[in-house]
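*Asks:* These are the residues of each chain, in order.
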Amino acid sequence: MDQRKCECGHTNPVGTLLCESCGKPLVIQISEQTAFPDMRYEGMARRSQTYTKKMVDRVWNYFSSVKIAIGIIIVILIASAVGTVFPQQQYIPVPVPTEADVARFYTNTYGTLGTIYYQLGFHNLYSSWWFVTLLVMLGTSLVICSLDRVVPLYKALKKPRLNQHKSFLKGQKLFAEGELAQGTDQAELLAGSAETLRKKGYRIFQTDRALMAEKGRFSRWGPYVNHIGLILFLVGVLARSIPGFFLDEYVWVREGETVAIPNTPYYIKNLQYTTEYWSEDEMPVKLELNGGVIAKNYQTDAILYENKNADLPGAKPDLVEIKNGPIIVNHPMVHESLYLYQSGMQEMQLGALNFNLIDLKNGSKEVGKIKVDLYNPAQEQVVADGIKVKVLDYFPDFIMGKDGKPATKTNLPKNPMVAIEVLDEKGKLSEKMVYLQGSILTQKSDPTYGIEIKMPDLIDISGINVRMDKAVPLIYFGSFIFMIGVAMGFFWQHRRIWVQIQDGTIMMAAHTNKNWFGLRREVDGLVEQMKLPVTIEEKSKA
Amino acid sequence: MQLIQLSDWLLDIAFLLYVISSIVFVVSMTGKNWAGRDPKQHEKRFGTIAYRLAVIGFIAQTGYVIARWIGGGHSPTSNMFEFMAFLDYCIILAYLIIYRIYKLNVIGAFVLPLGVIMLAYSYVFPKEVTPLIPSLQSYWLHIHVTTAALGEGILAVGFAAGLMYLIRTVPQQVSTKSTKWLEVVLAVVLMLVGFILMESTFARMDQKTVFEMNQPQPNVFGQMEKVKAEYTMPALVAPADSTIIQAGPMSPLFTAPSWMEGKDAARKLNTMLWSVITGVILYGGLRLIFRKRLGAVIQPSVDGIEPDLLDEISYRAISIGYPVFTLGALIFAMIWAQEAWGRFWGWDPKEVWALIVWLFYSAYLHLRLSRGWIGAKSAWMSVIGFVIILITLVVVNLVIAGLHSYAGV
Ligand code: HEM
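Chain order of the listed sequences is A and B. Note that numbering that gives the first Met the number 0 numbers the first sequence so that position 342 is 341, with each residue one more than the last. Note that numbering that gives the first Met the number 0 numbers the second sequence so that position 12 is 11, with each residue one more than the last.
Since the hints were derived computationally from the structure, they do not count as laboratory data. In this text the structure is predicted, and so the values were computed from the model without any measurement. Among the clues, some could well be false.
[Stated by the list, open to error] When the alpha-carbon atoms are kept at most 25 Å apart in a straight line, the in silico PhoX-like pairs for lysine-lysine are as follows: (1) A:368 / A:401; (2) A:368 / A:387; (3) B:376 / A:285; (4) B:225 / A:285; (5) A:425 / A:360; (6) B:207 / A:401; (7) B:376 / A:172; (8) A:413 / B:207; (9) B:376 / A:513.
In isolation and in its complexed conformation, chain B is listed as follows (with noise of 0.2 Å):
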């Protein structure tokens, strides 16, 4: 019981160090071009302090894993909070690794801001450490989950190096087609921010909207019940076949499909289309307050890295990144579900998805090495990489269950 409340604290210690390490880094890139200073050394010194602050965040998510663990019984992997909270672990831990091998701490100006965000995302989902089913107790399960999550931890990495690349060479003089699909990376990002302002606004605001299903659905003892869903965000969408018992700030627009099933579902598109309203707003803002591309507004920040060591970052990251993904996400999920199941593959979805990312770093890999796919080309192989991560774990699990669809999300 206190190890899980120490373990709340830790995490939000991490949070806040990452924030701060991430301002620090924008910091050391933006200014170094200010007034009366030597840009190699301002770099240097803001880096560093940045770097420190996110080792000591790193220690602090550290004793928020072992804590979590041992006062949960089982490896902090078993639920959606838990989950991204610990791919945000190991995005971290990758740049740390990959730090090691480079000394380049600018990648950090990209990855912590990342981590941040992954952070972030996790808190939306529900908290409690919960005692696990029988199909989840298997020492397989926590191996697969925990490789996979630092395979997808290292190619975010890749990612990372690969955006920096991209922002660092796509001429912004003129618009082309790649100044234009590198806004829209941005934005992409941008909209991951706007679900954040937006979740942690009106959380805590006493505002909710909550629909009652019309349809009962047999609870766990079998009895018949009418399920509720709780919306923290104004309802633009209302799940399919339901009442509103409790108004909120604004009615519904229009009603879910009702394939979307699950209450959760309608909730969760709901929060997708505010999380895209809002990202496209922030995007707009910023493109007035600028009156140029996001990428021009960020190019000057990046323009001393050497771009063949972006590139190569990116590719070492990638090259690490996919036997770990390899072994984790699809060797051992395919022993453990051997063992729960008498099936290493069933064609569900996760699993299904697990695929496609491995096929498609599989297919960077070929292009790379038999058909000299190098710089932009691979650069944007590892940022459409990771939104087919980013697919598998925020899409999936929202319109396709599947049998590993974690419980309470």
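So that you can see chain A by itself, here it is in the shape it has in the complex (with noise of 0.2 Å):
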């Protein structure tokens, strides 16, 4: 491929537009440009303003664009905000089961728009296929452009470029350009130049005849890493998919109850659920209520387990307290990368009936206790000397089912039917009742045994969110990683200042890549002390 050859005599690589040695503008008919090069790489050969022929090119350059990267993030942005018209349908207010309620839902509350908007797949939309494309363009995009020019850009920075033609330094927005009286002393104001900018915080790269200040070169890094900072953020959303990186579970304690958090070796006891309230005298103000109160804690008191046998199939679970402790809204339990929220409750569910039984043909005499217990009730229970009673039939969500028989609609105690028998020890008397909705049925019209109802047992039931997301390290520390290059980039600026002279004339120009006030104050600060006599031009911003 054709070489560049500068009349400096140094041969630059393909696509370069400022002679890497002494800065002189390169005629290249590759690149499309005709004003002076854009300064930001310094005329380094970018790849992507290279090669445009083959597919490879096309796509590489498609992505290194930041034109089509502000079109990639304009339609994500436009995307997003489309779909917080409606909500989504993890936030619809009311139990949806199938998808036919989920589109009757849309069209149901929000008329025809709804309906559009379900039929679009805007319901879903942070999920849907085009909408993860997009991240995924923004993602190679990110890539690409910074693979682009970070080549380029380590030239640019790496060799202060001392010395330069004339054309760089016109080519420079902040130029300027004077003759020098007779008898001055260059050597003098170089070094006296050198000085005050040094004294300004630069960096000074110097031969006989020029110099070149330099601040904040680190600076020009920030663009960089804060995109790999993005890029690593990225990268943590995507790891959540590989198995075993994550987990979301959600389980219903109740008291006193232990169960298995599906899909890991742990169980979990709920000792107690409390929720408690503000008092008044703990609140700042006085605050009209009308009646009500404000939350203060949810709470959970929980034991986690670990089953020891998890990796043996159908061995008995071994379970060894790894945790105990509360679970509080904002405070979750924590094991290893395991956490536990407090994200739900169902206070005052039936827990158990308690009946009295009592002998009506004796005065009506209470006879003992019977408790079912509405998640396990025991088959038989003694109730007195000689008093059995059996649990025959229970359905803890009763229904009647289409066939006439009885059935249960779900297997929480919602509306439990309890069938239940009392027999006498010696087996001579049996007598058959159910319970139903607060009332007692019969089987016998004069029967020994009556039942009394009592205040059944109420418990609480915890709502626990079980999580796992192995990606949140790199989430954060791709946060963390954006927020050093945005502050590198923000909060310092590139200054590169050259003064050069030849044959009697002293030339300056100045190059920053932001803040050009800064800059203009910091030359116009040199001129004056130097008392350089030099005209400073500045070419128009846009």
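The two chains are supplied separately, each in an independent frame; assemble them into the complex guided by the hints.
*Replies:* Okay, structure coming up:
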């Protein structure tokens, strides 16, 4: 391929715009640049500006373009906004068990617009294939655009350009030129300028007739550092789909109950659930709550167990206690990468039914107490000497089935129906009765035993969200890197000032990537202090 | 208790000082062309007075923040009133910082009225100190909200400088697309003013309209109850499925769509309609008085300022505000969400809108740095950016209520 040879004798790589050695603009046809090249990479060759023929080149160039990147960002922005017009499916306020219910919800609540919204898939926008594709494109663009620029940037920053060609200096936005008076001590002038700039925090590079002062070079790496942070962040988001990296389970645990956490070797026991409310004297001002209350704390005291036999199929669980403590909103229980969150509760739920067995024939004397645990009803219990009660049938959430037989809708004791039989020791007596919806039905018209309904046992059920997300540290780390990069790029600026003396004229030029005001002030300061005989021209910004 | 009282007074004092400061700023800018005056000196003298008033106001508001923080037992950012007042505090703080850097006090002529509007807006919400519900009891929440507000405050200064740039540079001799859009922006500002005027006028009159919802809702005890909605402004729009139980000065013209949930959604829509109407009336009135575009009216007062400097200030503010906003509204928010719900991101509307603001300013930075969008284009972007912030704060709270919506709003 054609190597560009500059008149100074240096051979530049293909795609170079400003000679690497002397800074003179090279006339290169590949590049369509007509004006003085952008100083960001000081005219170093960039792959995307050099090759355009092959398919790979086209893809590369597409993703390394900032214009395209901005396009992708704007499309993501608009799509995200559209996704908030109506609630996403996960935030629908009422339970909608089937897809048809979901569709109906959008139509009924939001009318025609809702139907369209649903049909276009906006109700699950953020996990839709095209939205994820956009995010992947953004990631690709970040990677390619960084690669495309990192080498030229490195080259541009590595070697301070001294002794530049006049056209290089003239090409800068800030340029100054002037005749030196006869008999000026050139060496002293340069040394003095160097000293002035050094005091302002510049690093000085010098030859006998030229100097370059530079400041904040590292800030040029800011955008690359922040883009790497973003890439790490996106990698973290993708990593969550690796098996074992991410877990999201929800368990309901009754007080006193121990349940297995699905897809883990862990079990959790709910010792006690409590809700606390703010008392009036704790409030800083008197509030008009109209008899309402404000919750202060939701807390489950729990024990976390690990099943040591988890790997042995069929073996009985061998539970070992790992942690014992409270799970509070904003204060999850943590074990290694497993997090347990207090995230729901059902208070005052039916736990057990209580009855008194009474002897109707004997002046309604109490014979004994019956307890039916609604989660685990005992088959048989001895109520008093010689008298047993058997549970014959139990439907936790009673409905009458289509076939006319009793059935249960769910397995939660929301509407329990219990059939029991009272037996005496000799097997002589047997009376059956049924409890349903707060009343008792007896089989016989003139029974010996009757039942009195007592206050049932009420229990609280905690909803515990169990999560594991091993990518979180990477996500935090990526965010951290992003912030460092942004700070590098925003709170420091890269500034270069050239001073060069040639045949009795002094030339100055300056470049910065941002904050031209600050740079101008420094150049003005230098000119004033050294009484340099120059006139400054500043090309307009845009 | 006394601290809360004190904090209320301090906030009122701050408000008053900001109002006076705004007026003095306006005098410093418009009065410089009055006869018999040296414009430079006039501007300097009044500008300095206005700046000092703003500083005293800021100190008073600092007192408010501290007193309410101690008195309430948590950072004053837990409901909408507290948040808006805090955002206002951050806007003034950002102005003072930018002033330190550029010593250009006329920026205050745009920032302080903005501060007044924001603070007045906050007064519309219930002011009482409420104890924190469990999900808000996290120090990450306070860090997140305060930092996000600071970021938004700094971006607001970027908006003010951008708007000044446009008023300074958009030619007013002929009507163009730019002049039209500039008028739209000014009309929107007047709508906010209209809102405050309406709200403070009607709050003093005894003329409430009260609606009762026909559908009972469960209250905190789980008992079914019919909720009431009280309008301070005359009712243009009634909540869906409700009955008037106390008639106001006018009967509603139409009913809010049923998906605007909650008793307050319709009231807020009503308020918004009134704001738009009053804003348009104010705008029309001013046009009639001056007989020219408002941009043209304001232009002479900013003609001494170098546009490049305004451009630089706007960009500077945004480049400081952007990292602060990223940290507060996204990173700290993610850390908190991870602690509270075990997911750092949930595509909740408020989260999404923070992302939108962030993406928008990212696009701004790329356009500016890599595509040379400087000057007018960049100024328009800074104005649009702040409009998006306002949408997140006002509209998203109003219409799209998510997890983050504060209690009592
Ligand atoms: C959401 C995604 C992105 C964010 C948040 C982001 C953020 C940033 C920030 C904060 C800067 C520094 C701006 C300044 O210093 O004023 C920057 C610079 C830059 N970004 Fe991005 N960026 C993103 C995506 C991209 C993509 C996809 C590309 C690929 C084309 C890209 C290309 C650049 C370039 C070329 C620069 C200037 C670098 C330089 O001046 O040396 N950015 N970006």
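*Asks:* Which of the stated hints cannot be reconciled with the structure, identified by number in ascending sequence?
*Replies:* As far as the earlier hints go, 1, 3, 6 and 8 are violated by this structure, in ascending order.
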